[in-house]
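A.B. asks: Protein chains in written order, with the UniProt record's numbering: chain V, 1 to 532; chain D, 1 to 695.
It should be emphasised that the hints constitute simulated quantities derived from the structure, not laboratory data.
Keep in mind the model is a prediction, meaning the values are calculated, not measured.
Fair warning: there could be bad hints in the mix.
Covered stretches of chain V, going by a simulated chain D footprint (3 or more residues, C-beta under 8 Å) [stated by the list, open to error]:
hint, region
1, 36-43
2, 73-85
3, 109-123
4, 303-310
5, 335-345
Just so you know, even glycine gets a beta-carbon here, dropped at the ideal spot from N, CA and C.
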Amino acid sequence: MACWAAFLLSVGLVNADKLAGRTRKYKVIFSPQKFYACEMVLEEEGIYGDVSCDEWAFSLLPLDVDLLSMELPEFFRDYFLEGDQRWINTVAQALHLLSTLYGPFPNCYGIGRCAKMAYELWRNLEEEEDGETKGRRPEIGHIFLLDRDVDFVTALCSQVVYEGLVDDTFRIKCGSVDFGPEVTSSDKSLKVLLNAEDKVFNEIRNEHFSNVFGFLSQKARNLQAQYDRRRGMDIKQMKNFVSQELKGLKQEHRLLSLHIGACESIMKKKTKQDFQELIKTEHALLEGFNIRESTSYIEEHIDRQVSPIESLRLMCLLSITENGLIPKDYRSLKTQYLQSYGPEHLLTFSNLRRAGLLTEQAPGDTLTAMESKVSKLVTDKAAGKITDAFSSLAKRSNFRAISKKLNLIPRVDGEYDLKVPRDMAYVFSGAYVPLSCRIIEQVLERRSWQGLDEVVRLLNCSDFAFTDMTKEDKASSESLRLILVVFLGGCTFSEISALRFLGREKGYRFIFLTTAVTNSARLMEAMSEVKA
Amino acid sequence: MDCYTANWNPLGDSAFYRKYELYSMDWDLKEELRDCLVAAAPYGGPIALLRNPWRKEKAASVRPVLDIYSASGMPLASLLWKSGPVVSLGWSAEEELLCVQEDGAVLVYGLHGDFRRHFSMGNEVLQNRVLDARIFHTEFGSGVAILTGAHRFTLSANVGDLKLRRMPEVPGLQSAPSCWTALCQDRVAHILLAVGPDLYLLDHAACSAVTPPGLAPGVSSFLQMAVSFTYRHLALFTDTGYIWMGTASLKEKLCEFNCNIRAPPKQMVWCSRPRSKERAVVVAWERRLMVVGDASESIQYKQLTIQVLLDRLVLRRLYPLAIQICEYLRLPEVQGVSRILAHWACYKVQQKDVSDEDVARAINQKLGDTPGVSYSDIAARAYGCGRTELAIKLLEYEPRSGEQVPLLLKMKRSKLALSKAIESGDTDLVFTVLLHLKNELNRGDFFMTLRNQPMALSLYRQFCKHQELETLKDLYNQDDNHQELGSFHIRASYAAEERIEGRVAALQTAADAFYKAKNEFAAKATEDQMRLLRLQRRLEDELGGQFLDLSLHDTVTTLILGGHNKRAEQLARDFRIPDKRLWWLKLTALADLEDWEELEKFSKSKKSPIGYLPFVEICMKQHNKYEAKKYASRVGPEQKVKALLLVGDVAQAADVAIEHRNEAELSLVLSHCTGATDGATADKIQRARAQAQKK
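With these hints in hand, go ahead and build the complete structure from the sequences.
C.D. replies: Right, here's the structure in full:
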């Protein structure tokens, strides 16, 4: 509720002015919408008359040619932690806006409780104002809505494609990044827009980091060669060169040196042994081997006070991939964490538990194995009931089982060539196919959830996976290749890169709509309690 | 040919007129019209008649009757007048009958004699009584102008948005003006009045004398004045039998006429056909009618729009006809049929003799889900008629649950409103209902209601977290949610409390709550935190410096950095800091101090639980190769190669790796062979590899 805090701050400001006997005119602009609660607060504070309110019904910010953001980072905490549904309506309105602009969506899919609510609210909006989109040719063939809690794992992993890595290292805000002096190799910071307009960036954004440096240096050599051409030029050629090419070359040169600077800075931080071991541990967690070793690694990470957010992230990754921590580890890791980073994080742990990010295996969880056996061997109704009862006990992540079903860990035969990716796993060095993207791939392939029942059940989404197809002969084959993916609670650049890859492979074009661009640090910070 | 012109009579030199009966009035009048107050609505609207018994002093016991007829004399309504004496009647543009009473109260009735509302023209009018009143029409609506017994004017230019305006005094006015009228110019209402030979124009700021251009001399009084419907033209009738016609702005004369009749006329009105260039004034005496005309300029009449026509039909409850017209004109449903049906439904709900069930069913059958029909509006009307149950039934047909909420709240069905608001998915609406409920119910009931609505509960909790912390606590208490109560008190210990005692007390409450929640871990952690706080306080007192709010780890580190090793050890024991952590901690702190002697002593105090590689690493971090090498020799075999590489001893690292016959280690060393002197080492490794492959 960042907006709340800001709003209450402004209320405080007005009151302070009043006490000091100052009279001014105040204007509060609410975006994307004004809430009744805010007006009520103004009234209760007795300053309703002093403040004029306006609403800026802004809902979609185009960050790039294929990325729309609602810029609602608070969505994640408000909904997934506090259960506050206020933003769902905002999402529905954004969808409504898109459908009035681009015609109806003939194929709709979704997974997650919030996805379903947003979808239904949106349908209501469409019905209320029907006639507007009816009869229009659809321009977007498919829309896919997905809740962030369907796949926490992907969002918790360290990013290794360039754009994700830049986000993890420098934090991209609203499509731009502040490169500090260590990148610009001057004494000034520089704000740089990162999108498809930046030709250099556009070529490396989706690349695995290990390729980026080589690519950039090749590019630098080419650039040099182009500059060098001017040596043998006569006056006329030189004039042409200066008037036509030089500006472009200089621009490219500037961008190139910026990205090379960024790369060097990232390399300094990430190619240390620490980072290698971190990645190794993450991969071990994803694959589910050497759990004890990984747990010790995390413990050491905490003991050494490496980083509160990183430690928390690793604990969550361990918890989700393992269906919760075993009670002994749950206690000891938390104790260690409190000793290292301060006792106020007792509240952080309470938050993480509520959101299902860091949980303890229930004593009955040793039955997991038995349960899965029961459901596999016996298919009669009684057994079905048993499993229902189990799953109602606690929302389990079931990551291991899902991973097996969806083949998220590619079989390694030989070296994974990161230069020529063969699947979406390249965004995590070939170790893991992002769950969210795999789900989208599978559903698009089937044009439904058919055959994915078991996965949906394991995701605890039996009631929240939906398909809605309208018989729409008007949809051109071109529009059917266009897919709008809606992430409720945020998506990462790694997921975007993976789906861009899938798009190139299968001839789709993805457009992303997200409540905000996120990464593991942002998720953890949203859950953390810091002393006021 | 004869028959066409036979009934036309000459009027002056160039015009002709004829008389014929348009239709005959259907009414059966009991009273003489002359004894009645009469008001006919514009555009062929209804006619109201009120026998005026107050003129004659006597019959106060007999209550007069107010009759309303259509323009053709069909009776529409008849009611006994039970209120006070009426001075003037008039119809508003919306076909509402305004009855101006002597005491300045204005009663408003509908076309069918249904009482709508009343308003007062103010205290001054009440005190001095109404002498005369006019209802006039402006482009904004209908106005009322009053002449009081004190010979002052008060007016309201739009009775729909009542703003009373008391006009300035007319200097020297001792008796009622001989005639007066309301004028409307430049969107402002004025009064024009005649006193003896003088004319005055009153606006809300001033009273000014005016003179019509070209007025014939010898006038000692004005007997009648008439303004045209559009307020463009004015006619004056003087005591010399002279008629002046000109613009209402009194800037231009159109014509004049001397009729030589000096008796005051009963009535004088402008009349004219739409779009005709002919304007005329009709003057009526007891037994004489005179038409004075002039033909020069066109007058545009605003025509009734189709919407107004439909409104008129609806007012007369001619719903089927209105619908037929809509269908014939192919009006869009929302503007046409839906609107008529909605009006019909609003009328239907007023039929008190039909049961709620039947009314609701009838309405739903007719309306179905016609677009543009708002069931909530109809329900609001039903509620307005006191039929709450019917309103609820009608609301059930409203497809947009959000639309049901405001009325449900008004009807005090807040709980139902809450579930409807939740159904609508509009959290803002839910919140609105919540605040209603909060004021309406006692706390216990309010909380119980919330308990059954998780979505509303979480919304309210969010609000409380920022605005009403105490309420939040009560909410958790009611639910016996000890876990959240514990968290609540922990938060309080950070946010609200400054003093250490207060913080410890808050933490104690939290710990108790955690025990109740059977969350032993949190309870113990909280108790540890209390202990730590007290201790940090003591440390600050005894040693100075900043300890409060540091983590346990940082507290111990601070002690070591301050040279209080004993205290640090004691603290580590008291709080059962695990060995591994303590070693990491001490190692880092001593290296930060660059206390290499103490570090070495520490490293030898017992076997390191974290191995010796971290010692090497940390020394190298502080660029102390000499110290690093000491520890490199103590590193266990698995990490030996790493340690040797760290201190830069590539050759020895190669030897160890070859000894280990470990391929991974070999390639690691090889990747470090970058210096000029490492050539030999690299060769050595390659040879070892080749040898290993042979075997």
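A.B. asks: Does each hint hold? Answer for all of them.
C.D. replies: Hint by hint, here is what the structure shows:
1. Taking a C-beta to C-beta cut-off of 8 Å, the region 36-43 of chain V contributes 4 residues in contact with chain D, enough for the three needed, and the coverage statement holds.
2. Residue count for the region 73-85 of chain V with a Cβ under 8 Å from a Cβ of chain D: 5. That meets the three needed, and the coverage hint holds.
3. Residue count for the region 109-123 of chain V with a Cβ under 8 Å from a Cβ of chain D: 3. That meets the three needed, and the coverage hint holds.
4. Given as covered by chain D, the region 303-310 of chain V passes the check, having 3 residues with a CB less than 8 Å from a CB of that chain where 3 are the minimum.
5. Given a C-beta distance limit of less than 8 Å, the hint that chain D covers the region 335-345 of chain V holds, as 9 residues qualify and 3 suffice.
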